[in-house]
Amino acid sequence: GQNIDQPTEMTATEGAIVQINCTYQTSGFNGLFWYQQHAGEAPTFLSYNVLDGLEEKGRFSSFLSRSKGYSYLLLKELQMKDSASYLCAVLSGGYNKLIFGAGTRLAVHP
Amino acid sequence: GAVVSQHPSWVICKSGTSVKIECRSLDFQATTMFWYRQFPKQSLMLMATSNEGSKATYEQGVEKDKFLINHASLTLSTLTVTSAHPEDSSFYICSARAERGERFYEQYFGPGTRLTVT
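As they're listed, the protein sequences go chains A and B. Letter 90 of the first sequence, counting from 1, is numbered 90 in our numbering, and no numbers are missing. Letter 29 of the second sequence, counting from 1, is numbered 29 in our numbering, and no numbers are missing.
One chain only, chain B, in its complex shape (with noise of 0.2 Å):
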């Protein structure tokens, strides 16, 4: 089956840097691939959504410079949060599309990165 995975799966920092978490889809070559965010008690929020090659697109009230977003192979896209604030403590969720097939629309969840700014 379709195997999705991040890098770390749990990071703690300091208020003020950046923290970097990759997405890999490990089987199969995902054109796109969508960040989520979910707090706690809460459902997943879509971020950007991130095609290979290209810049990615974020959604409404998510701030660009702040999730940077890199796709640069179609297999891994990453996730930087810049300078990071307590209130980016969160559970960061991707996954991956499958463009081939007639799973065309399912989408593959990675298993989720734990975010602790202190």
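With the rest of the complex left out, here is chain A (with noise of 0.2 Å):
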């Protein structure tokens, strides 16, 4: 079956560094995808991992590693407008499905 696991809810102080882990088991992979999503809006697109390692594009970064099922993301000099919902996301099946995580309401405060 199709498994993604990642923390409900994070909280973080403005200007810190926050780390939103995610596990998948999926049935076959072409890559993974984090998303942010604040309410009520669409998600937008962050970062896509389809090898192993760390991919930074500014203040965030994502890591990924297929033998262990494992990613996460980084989020750097955390701002008020972060506050927002983190999906994890993976490509599989035949017609390269994103299959999505519950995703992580993450909280920044002052």
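Hints in this document: simulated from the structure, not taken from any laboratory. Zero decoy hints are in this set.
FRET-style restraints, in silico, Cβ to Cβ:
| no. | chain 1 | residue 1 | chain 2 | residue 2 | range |
| --- | --- | --- | --- | --- | --- |
| 1 | B | Ser83 | A | Lys57 | 44 to 54 Å |
| 2 | B | Asp65 | A | Thr13 | 45 to 55 Å |
| 3 | B | Leu76 | A | Pro110 | 40 to 50 Å |
| 4 | A | Gln19 | B | Lys66 | 37 to 47 Å |
| 5 | A | Gly28 | B | Ser54 | 15 to 25 Å |
| 6 | B | Ile12 | A | Ala16 | 34 to 44 Å |
| 7 | A | Thr13 | B | Lys55 | 43 to 53 Å |
| 8 | B | Val3 | A | Pro110 | 31 to 41 Å |
Only a predicted model underlies this, so the values are computations on that prediction, with no experimental measurement involved. From the three backbone atoms N, C-alpha and C, an ideal C-beta is built for every residue, glycine too.
Relying on the hints, combine the two individually framed chains into one complex.
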């Protein structure tokens, strides 16, 4: 079966660093995505990993270990506007379907 | 960048009526479009995969006769919720996949449609 796990909620302080973990077990793997979603809005693309290692893009970095079925999203220099849900999604299956985790609601406080 | 639009952005309808939601890729051709449903504080659940010119592939548990999907062109897919009931009230989001270029696997999401069935 398909299973993607990530923490339900996290809190962090403005200016700090936070790491959001994601573990997955899926039938087929063609890459892992991280999306940011504010309440009532569509997800916006943050990162895509298909090879092991760290991908850095500004304040956001994403890491993947395919052998461990594990990824994390690292957010640095947190800002209040980073308060949102962060969705881990795996691209799998014959149609390359995106399978989403339940999302992690991040609250950034002053 | 790639832009996907949805219309309407929100709709309120009476129980028993049908509602059509449009999803358009504005500046690229999308051979494949996806329809998701999201309930409050939950993640996106894939409903169906839509390929231009062919029948949609529905996920397990999604009634194809209730959620009619038409992908008539490379830039337009529609989702029709037939005989809507209050439990169909949800946030419906489409996404379109660009088939060329380095972002082959990237899906671009529409802004979503909030459906409320009274």
